[in-house]
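Student: Spelled out from the first residue to the last, the chains are:
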Amino acid sequence: MIAMPVIDQGKCDGCGLCINVCRGDAVAMVGRTVAAVETGNCDWCTDCEAVCRTGAISCSYEIIG
Amino acid sequence: MAVQIESLKSIPYFSGLNPAELEAIRKYVFEKTAARDEVILLEGDTSDALYFVVSGVVKVFKTSAEGKEQIIRIVRPGESFNDVSVFDGAPNPTSAQAMGPVVISGITRNDLQNVLRDYPQVALNVNKVLAGQVRELMALVEDLSFKHVVNRVAKILLENAGNGAGSPPRLTQREMAAMAGTAREIIGRSLKALEQAHAIRLDRNRIMITDRETLREMAMMAPQARGRARPVGSAAGTTRDEGQQL
Ligand code: SF4
Ligand code: SF4
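These protein sequence lines map, in sequence, to chains A and B.
With my numbering, the residue at position 50 of the first sequence is 220, and numbering never jumps.
With my numbering, the residue at position 117 of the second sequence is 118, and numbering never jumps.
In case anyone wonders, no lab produced these hints; they're calculated from the structure.
Quick caveat, the model's predicted, so the values are computed rather than measured.
Every residue, glycine too, gets a C-beta built ideally from N, C-alpha and C.
Hints may be right or wrong, so weigh each one.
If you want the footprint, here are the derived chain B segments under chain A, 3+ residues with CB under 8 Å [unchecked claim]:
#1 5-19
#2 54-60
#3 94-108
#4 193-199
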């Protein structure tokens, strides 16, 4: 399973800005909040995290030494 | 395209105005769309309008002579861009590009002058908006010029790298920014700089340390972080606890 950005549903206010900027169609509205969708097109650009003003999206990096 | 009065209400430039005043201002405001990646303003060009984001997100950035991009601001619905050149008439200090499909509204310099003359409340609002932007920019200047963020990010990576056992530690750019006491916008650039120095390799959601010695040398040049709290949604995009040390 491919890693996807993690969305904290409790923080998401459903503004949709992450959907607007995602070029991989990898975030979608599900009910009143968004969820990451494994489309195979997420290149970890982290734009969704950058535009989210509530801090609901995390695109974390594994740091391998 | 005619602008809706509802979208004017959410713009800080027009806060405190009554419906009749907003209706009068509406006739000056035009609306247009831009496609993903469309460059709305180019650094160095001249333009005579102030813009507001109605929906979507616009990034405001500068490009260095080597073609490196530094994001200055992420402009979300209700916020404005091109404020500086609309007031001083000089070329655009930055470029602006749509991060996805966007709807923006705008007002030309001449029309804005009319509005400022007729509605002094707008002039007061302008002061507040510009002061907020100057404050954000001053914080960004400090990060870019004095804080050796690349070195600090090198240190963070060394201190947080996994040793191959168990699941590797994870950090977001937002978290790295909080740890380095800087803006999220600067972290992406720092990671790219470390990659160019062949100290790390970025592989989608992985940061692989490829040259520990180089990374260590860079980390040793990192000064201690000074505390500074920043509001979420500012150029920093993150808030950091005062006094947190690396
Ligand atoms: S940008 Fe943030 S708050 Fe808005 S829909 Fe996406 S996750 Fe939710
Ligand atoms: S990291 Fe980029 S491609 Fe992946 S979900 Fe976020 S915006 Fe879309």
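Student: Could you run down the list of hints and mark each one as holding or not?
Tutor: Each hint, compared with the structure:
1. 5-19: Violated - the region 5-19 of chain B has 0 residues with a Cβ nearer than 8 Å to chain A, which falls short of three.
2. 54-60: Satisfied; 3 residues make the cut.
3. 94-108: Since 4 is at least three, the answer is holds.
4. 193-199: violated (count 0)
Of the numbered hints listed earlier, those contradicted by the structure are 1, 4.
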